[in-house]
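> The chain contents come next:
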Amino acid sequence: MSTNIDKLHDDHHHTPSGIMRWITTTNHKDIGTLYLWFSLLMFFIGGFMALVIRAELFQPGLQLVIPGFFNQMTTMHALIMIFGAVMPAFVGLANWQIPLMIGAPDMALPRLNNWSFWILPFAFTMMISTLFFESGGPAAGWTLYPPLSLQGGDSMPFVILSIHMLGLSSILGAINVIATILNMRAPGMTLMKMPIFVWTWLITAFLLIAAMPVLAGAITMLLTDRFFGTTFFTASGGGDPVMFQHIFWFFGHPEVYILILPAFGIISTIIPAFSRKKLFGYDSMVYATASIALLSFVVWAHHMFTVGMPLAGEIFFMLTTMLIAVPTGVKVFNWVATMWRGSMTFETPMLFAIAFIVLFTIGGFSGLMLAMVPADFQYHDTYFVVAHFHYVLVPGAVFAIIAAVYYWLPKWTGKMYDESLGKIHFWLTTIFVNLTFFPMHFVGLAGMPRRIPDYAVQFADFNAIASVGAFGFGLSQLMFVYILYKTLKKDVTAEDKVWDGAEGLEWTLSSPPPYHSFNVAPKID
Amino acid sequence: MRILTTLLIASFPGSIFADWETNMPRGVTPTSEIAYDIHMLIFYITVVIGILVFGAMLYSIIYHRKSVGHKPASFHESTKVEIIWTVIPFIILVGMAIPATKALILMEDTRDSEITLKVTGYQWMWQYEYLEDDVSFFSKIDTASNTARRLNSGLDVFEVDDYLRNVDNVVVLPTDTKIRILLTASDVIHAWWVPELGGKKDAIPGYINEMWIDISKPGIYRGQCAELCGKDHGFMPIVVKAVPKDEYIKWVSIQKDEKIAKNR
Ligand code: HEM
Ligand SMILES: [Cu+2]
Ligand SMILES: [Cu+2]
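Just so you know, the protein sequences line up as chains V and P, in that order.
Sequence positions in the first sequence follow the numbering used here and run 1048 to 1572.
Sequence positions in the second sequence follow the numbering used here and run 663 to 926.
Careful, some of the hints might be misleading.
[Claimed, not checked] Listed next, the stretches of chain P that the computed footprint assigns to chain V, with coverage defined by at least 3 CB atoms under 8 Å from CB atoms of chain V:
1) 716-724
2) 750-760
3) 856-862
4) 892-905
[Claimed, not checked] Far from chain V, some chain P residues (derived; all Cβ distances over 10 Å):
5) Ala806
6) Val832
7) Trp913
Read the hints as simulated data drawn from the structure, not as lab findings.
Computed from a predicted structure; not experimentally measured.
Positions of the beta carbon are idealized from the N, C-alpha and C atoms, including for glycine.
Can you make the complete structure from the sequences, with help from the hints?
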């Protein structure tokens, strides 16, 4: 590698310093860093709201907040975690890693990249500020079902505008990812030689472009129903409240895969690295990801089995949903086969990745149970569903993000994190995540609906446990911040190839990598 | 761990009154029993799959680690294996889809019902109309729960009988009768759900949804609204009292008499 030339070029590069560096930056690493810090901030804001919820649910009876505010907390918690924490974290990882992994100097559309990030802080400032309105923030759930959402206070147009901005940001980000991957791969890197993380992001980007406009349409119709006298979703005017649910979930189900496919890519990168063995079934991993993405457009109504669909519709959506379990299963089996007869070590990223496989699979199992319509009539809108999606999202998506940060942090910064602290962080997080979410299966099955601020006394014990777990989980994440802080304070000492089993172009660069990743494209054979 | 949690729990006020129910009730209607059977079937299947997959993983974690000197193998694909673990899950799924589809067909068959109960959701109460008998009334949370549930009411909710699960007017229904339930709502979407009587169904403005129940055992069955419907969504309980047919007929005639008396 011609590191000298890189250095020279870097010296010529005039970047503004201080805050202007970050506001005007078009560099994929700077933008990736911005995304990741922003996401961490949102994790803590959304997490704080979760703790308000869990504190209120610690015991039956209302002790802390009134029901209206409780509903604002559940709504905002979900919106912030989905759009503010998990999605930006994945975009941040894409920004950092895709150019490094495909041998490109930067993203294809750097100015667009700057924009897609800088929309976010404004969108969330607006969204969160609605909590301070006299009529409060949105309280109809993140699913925004009318007619309830049409009853909302002044927050509604602001929340809708901010969701539009988030959608815009995601679509711009997705365009950039696609343009980069399709145009800027190093010579010789054919599609089927791309790192699997790049593959999963390519597919995710297409999902984003297909799904976000659908959401935009749905919420715009809500807006006109509320302010311009249309009655798309109002029965008394000839509209149809169920139509909203169909449109919403046509976005919503692909969205849940937007939240997990990049995680699959991360796990498929980390497991081989620490098993010192190539990923088992690379091709089938790619095909499985693609078929999950395609299927995700024909299963949406499994979120609304209780709206009174015709029998044929219920059967169709049950079968397609069950079908998704096949490619999902292939992924899990391939991960286990990758570990099988490897030579494993258990550094922090690997620990999080293994926990991901186990706990995500548990979430997949409950997903399969939810797909069975006769049983879903009981499960639907209970804490069982809450347990399901938290298993796939917290020890699923979030664990993958944490694993990715531990895995690539030494590459990004040139500084190694403290391994023993990382392991403690892992164990605390894993124990508390289960303490929080496992009991939710039980109360859900026993009959506790979701989205309620208070509950009958027979649900008290498991709720108390879940609340203890939630506070433990939240506090454990302060440790993550401490580990990051401690790492960043160190001197640069990490080797270029941090992990002996890791493969990929990013490890051929220095740690930290030069400002423009690859000025000369590497050759792939 | 178990001991720790038990200790932890024992220190919480009132927990002696609570129980540790961890599963779906089997219930007292054909539909609730079907739901339960399908639930258990798929649960056991996932347990078996889980044991196999996690077992293989655990074995690998124990024996295929660098610290015990295991050298990595070099295989990274096998079309045969990959086809096997695509096809076998598929067959298992077909095996689950058949009973589930059959069950579903039965659950959605509301024909030949003997009486019809119309349920309308309001923010935040239920209206019940017995269509054949021209009896109708509203039902909302009982006063004791409603007082105790206020923010910092100062009352101990563990002292309230059936806290949040009691209503002023109970729905009385006959046992051993196929009852069709029609559901709608006047303002926002609600969902009517009594776990022991089977699944829930949404009550949607502008829609009339149907479900059916056939209660096999007399008793009191409790449930609540299951679709977020605004600030008091958590406070819309449902209480069904199932009584033998003759008793039900008596109850209906009393309701009718009362109505006539009121109208006079
Ligand atoms: C084997 C794969 C999966 C299956 C079969 C499955 C199935 C389902 C079903 C049927 C529901 C609706 C339950 C109900 O409301 O009654 C549901 C809810 C949900 N699932 Fe999954 N799921 C799977 C994987 C995932 C993944 C990977 C994610 C995201 C990372 C996810 C996120 C969610 C969320 C967020 C909800 C609840 C949405 C809401 O109502 O607010 N699921 N899932
Ligand atoms: Cu879904
Ligand atoms: Cu409700």
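> Hints first: check each against the structure and report whether it holds.
Hint check:
no., hint, in the structure
1, 716-724, "holds (count 5)"
2, 750-760, "holds (count 5)"
3, 856-862, "holds (count 4)"
4, 892-905, "holds (count 6)"
5, Ala806, "holds (13 Å)"
6, Val832, "holds (17 Å)"
7, Trp913, "holds (26 Å)"
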